[in-house]
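Line order of the protein sequences matches chains A and B. Counting along the first sequence from 1, when you hit position 366 you're at 366 in our numbering, and nothing is skipped either side. Counting along the second sequence from 1, when you hit position 151 you're at 1151 in our numbering, and nothing is skipped either side.
Worth double-checking, as some hints may not be accurate.
In silico DSSO-like links for lysine-lysine, alpha-carbon gap of 27 Å or less [claimed, not checked]: (1) A:203 to A:119; (2) B:1071 to A:370; (3) A:47 to B:1057; (4) B:1048 to A:299; (5) B:1071 to A:62; (6) B:1057 to A:119; (7) B:1057 to A:375; (8) B:1071 to A:119; (9) B:1048 to A:275; (10) A:275 to A:164; (11) B:1057 to A:364; (12) A:293 to B:1048; (13) A:275 to B:1041; (14) B:1057 to A:244; (15) B:1071 to A:248.
Partial list, derived from the structure: chain B residues whose beta carbon lies under 10 Å from chain A [stated by the list, open to error]: (16) 1013; (17) 1044; (18) 1062; (19) 1092; (20) 1096; (21) 1097; (22) 1102; (23) 1107; (24) 1111; (25) 1146; (26) 1190; (27) 1202; (28) 1214.
In short, the hints are calculated from the structure, not lab data. Only a predicted model underlies this, so the values are computations on that prediction, with no experimental measurement involved. By construction, the Cβ of each residue, glycine as well, lies at the ideal position given by its N, Cα and C atoms.
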Amino acid sequence: MTATFERGLNALREQIDAPVASFFSSCVSCGLCAEACIFYRETGDPKYTPIHKLDLMRRLWKREFTVFGRLGSLIGLSPQITDDDLTEWEDLIYDSCTMCGRCSMVCPVGNDLTMMLRKMREGMSASGHAPAELIGAAERHTDLGSPMGELHPALHAQVRHAIKNTGIEITFDEPGVDYMAIYSAQEIAEYPDVIGAMARIFKKAGVSWTISNDAFEATNVGVQLGNRDVARTLVQRVVDAAEKLGVKYVISPECGHAYQAMRWEGPNLIGRPYKFGVVHIIELLDQLRAEGKLTLKGKDKRKLTFHDPCQINRRGGINAEPRRLMNMVADNFVETDDAGTMNWCCSGGGGAGAIERGADLRFKAFNSKKRQFEKVNPDSIVTMCAYCHHTLDEQLEAHGMETEVLGLTELIAEYLDDEPAANA
Amino acid sequence: MNDPYFDLLMWARGPGFTIALVVLAGGIILRLTEILFLGRKTDLAPAKGNAVVAGLKTIFTRSVPREGLVKFSPVTYIGGYVFHIAFFIAFLLFGPHIALIKSVIGLSWPDAGRVIIESAAVIALVAMLALLYSRITDPVRRSISGFQDYLVWVLTVLPLITGYIAVNKLIGDGTLMMALHILSAEMLMIAFPFTKLMHAVTFITSRYYNGAIQGRKGAES
C-alpha cells in the first residue's frame, strides 16, 4: 500500500493505547531520559532527548485523545502535526535511536519510551518517512527472502562447509525433529561458523534439529522499519514452516531484534499463539548446560568480556544465561561497567546501523562503549548477537582498536568435549 | 460591618473549596477514564515472568534512581526528592490541613510541630527554585519545557509562599493572606487533572505498565 500522510496519522492513532496515554500524562519534562541515551551522552545535543523524539506522538495524543486537547483543537490551540513535522523527525526516530531501552529503565515516572518509539515508527513508515535503506531491506526481505537478497545458495554452501568441517549431518526440512533453527542474514553472510558450532553442540547434547528451506531467515526488517504488515508477513513465514514441520521449538539465533520479533512481537503480529515454543540459542545452551549435556574440555585463557545485546538482555530478559556460559568457558571473564541490564548499546541496533547518513553519529555514539572496553582492556569481546558482532567489528576498527569479537555459541563449541562425536 | 477579606475567606473555605474539590475529583476520574478506556491488546506471546508482580514491584522500585545516574543530573534527582518529601510534610502533617482532610474523608493522623512544617515549606520552596534554575539553564530541560511546565511550577509554589506568609502574618492582612493561600491551593486542585500535575496519580499506572511489559519477558525494570 502506498505511504501517505493520512495513512501515517491513522497508523499512529492505532498505536495509542492506555500505556501510551499514561506515559504522556506522567511526563514532567525532567529530561533524565537524555542521560540514558548514547546519542545525547556522546553529542550533548538536546534534540536527542528521548522524550523529545516522541513529541509528535505526544501532540497527536493530546489533540485527539484528551478532552482538553480536543476542546483546544476547536479553537486552534492544539495544531495537528504536519507532513513537514514527520520529515523533520525522521533522523530522530531512526538514525539516532537504536531502541536500546536504556531510557525506559531510568524514567522516574516509569515511561517506556522505547515501546513508544517502536510505535512511532509505525506512523513514520506508513507516511513514507522511513529511511531508504530500511525500505530497500524490507523489499528484499519480502520478495527475495532476506534483507540481503536471495540467500538460499549461500546458506546451502555454508551448510555444506559446516558438514565438511564437522563431519556431522545437517538436514533441511526434516520432519519429526524437536527444533527448527533459523539464522540471521548476518550470520549466513559474515559469521557462518555458528552453523557448524550448533551442529557439534546439538550432536553432543542429543538435540534433534533441522533447517527449513521455506524459512531460514530470522531477522525482521518490518520490526525495525515499523511496518506491521511486513513484520507479520516475515513472522508468518517462519510460523508456517515450523508448524508444517511440526517442531516443538524454533531456535532464535544470536540476533537481538530477531528475538524480539519472533519471541515477543510475533504472536501479536499474526494474531494467535504459535503451536511451538521459541527459545533463544543462548537459553537453549544454558538449558543443556543445566542438564549436564554440555561438557567442555578446558577453558579459554584469554581475558574475555561480554557485550549484552539490548534486545536480548535489557528488552529480552536473557541476562544470567550468557554469564553462566561465560563462566563455564572463560578462565578470565571480566565484566565492563554497566554490564547486564544497563549495558550500553553497540550503536548499530534497531536498524540504525543500516542508515548511511547516520555513520558519523554512530561513530561518536560508540565512544561510550569504547571507553568501557578500554577500561577493561580485554583480549576478546564475546557477544550473542550477529549484528552487535558486526557493529563492534566495524566500530572497533574505525576507532583503531584491534580487539577481536567472538560469538558465544562458537566459543562454547570451540571448547566442546566432543572428540568422539566429531570423529565419528 | 462588611469585611470583604472575611467574605473572600469564607467563600474560599466554602463554595470555592467545594468547586475545587469537585473539579479535582471529577477531573481525575475523567482523566483516568480517558487513559484506561483506551485499553491495551492482550499479549499473545507466552509469558516468561509474572507481569503483575513485576508491575506492582516497579511502582516502588522506580523511586530509587539507577546506580551512577545521580551524578549526571544531581539537581533534578536531589531537588526532586527534597521537594516531594518537604512538600508532603508541609501539606499532610500540618494541623489545619489534617483537620480539613478529616472533614472531607474522615481520616486523620497526628500533626507535626510548627517548626517542622515551616522548615519543610521553606525547604520545598528552595528545592523548587533549584529545579526552576535547572530547567532554565540546562539545555535539555530548557529545550523540552513548555508553558505548562512553568505554569505548574507557579501553581505549586504559590500555596507554599502564601501559606508561609499567612501562618507567620508576615505581610498584608492576615485574613486576606489566608484567603489567598486557600485560593492558591484551590487553583492547584483545579489545574491538577488537566496538567502535568496529574503525574502524581499516573506515575502509578505508568510504572506498573513499564514493569509489567518488562516483567512479562522476564526482564528487569
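Hints versus structure:
With a CA separation close to 41 Å, the supplied pair residue 203 (chain A) and residue 119 (chain A) exceeds the 27 Å bound. This hinted pair checks out: residue 1071 (chain B) and residue 370 (chain A) have alpha carbons roughly 21 Å apart, not beyond 27 Å. In summary, the hint linking residue 47 (chain A) to residue 1057 (chain B) is not supported, as the alpha carbons are separated by about 32 Å, beyond the 27 Å threshold. About 31 Å separates the Cα atoms of residue 1048 (chain B) and residue 299 (chain A), which puts this hinted pair outside 27 Å; it is violated.
As the CA atoms of residue 1071 (chain B) and residue 62 (chain A) are separated by approximately 33 Å, the hinted pair breaks the 27 Å bound. Between residue 1057 (chain B) and residue 119 (chain A) the alpha-carbon distance is near 25 Å, which keeps this suggested pair within the 27 Å criterion. For the suggested pair residue 1057 (chain B) and residue 375 (chain A), the alpha carbons sit about 34 Å apart, so the restraint of at most 27 Å is broken. Taken as a hint, the residue 1071 (chain B) and residue 119 (chain A) pair is broken in the structure, with Cα atoms around 31 Å apart against an allowance of 27 Å.
Among the hinted pairs, residue 1048 (chain B) with residue 275 (chain A) is consistent with the structure: their alpha-carbon atoms are about 17 Å apart, no more than 27 Å. With a CA separation close to 34 Å, the supplied pair residue 275 (chain A) and residue 164 (chain A) exceeds the 27 Å bound. Proximity of residue 1057 (chain B) to residue 364 (chain A) is assessed by CA-CA distance (about 36 Å); at most 27 Å being required, the pair is judged violated. For the hint linking residue 293 (chain A) to residue 1048 (chain B), the alpha-carbon distance of about 23 Å falls within 27 Å, and the restraint holds.
Proposed proximity of residue 275 (chain A) and residue 1041 (chain B) is supported: the alpha carbons are some 20 Å apart, at most 27 Å. Distance restraint check for residue 1057 (chain B) and residue 244 (chain A): the Cα-Cα separation of roughly 41 Å exceeds the 27 Å cut-off, and the hinted pair is therefore not satisfied. Our distance criterion of 27 Å between C-alpha atoms is broken by residue 1071 (chain B) and residue 248 (chain A), whose separation comes to about 49 Å. Interface restraint check for residue 1013 (chain B): the shortest CB-CB distance to chain A comes to about 28 Å, outside 10 Å, so the restraint is violated.
Checking residue 1044 (chain B) against chain A by beta carbon gives a least distance of about 4 Å; that is within 10 Å, so the hint holds. A cut of 10 Å between beta carbons decides the hint on residue 1062 (chain B): the least distance to chain A is about 5 Å, and the hint holds. Residue-level restraint check for residue 1092 (chain B) is violated (minimum Cβ-Cβ distance to chain A is 20 Å; threshold 10 Å). A cut of 10 Å between beta carbons decides the hint on residue 1096 (chain B): the least distance to chain A is about 28 Å, and the hint is violated.
Residue-level restraint check for residue 1097 (chain B) is violated (minimum Cβ-Cβ distance to chain A is 24 Å; threshold 10 Å). For residue 1102 (chain B), the suggested interface contact is broken, since its CB lies about 30 Å from the closest CB of chain A, more than 10 Å. Using the Cβ-Cβ criterion of 10 Å, the hint placing residue 1107 (chain B) at the interface with chain A is not satisfied: the shortest such distance is roughly 26 Å. At its closest, the beta carbon of residue 1111 (chain B) sits 29 Å from a beta carbon of chain A; the interface hint therefore is violated under the 10 Å criterion.
Nearest Cβ of chain A to the Cβ of residue 1146 (chain B): about 7 Å, under the 10 Å cut. The hint holds. With a cut of 10 Å, the hint placing residue 1190 (chain B) at the interface with chain A is violated, because the nearest CB-to-CB distance is about 12 Å. Satisfaction of the interface hint for residue 1202 (chain B) is found here, the shortest Cβ-Cβ separation to chain A being roughly 4 Å, below the 10 Å cut-off. At its closest, the beta carbon of residue 1214 (chain B) sits 8 Å from a beta carbon of chain A; the interface hint therefore holds under the 10 Å criterion.
Comparing the model with each earlier hint shows violations of hints 1, 3, 4, 5, 7, 8, 10, 11, 14, 15, 16, 19, 20, 21, 22, 23, 24, 26; every other hint is respected.
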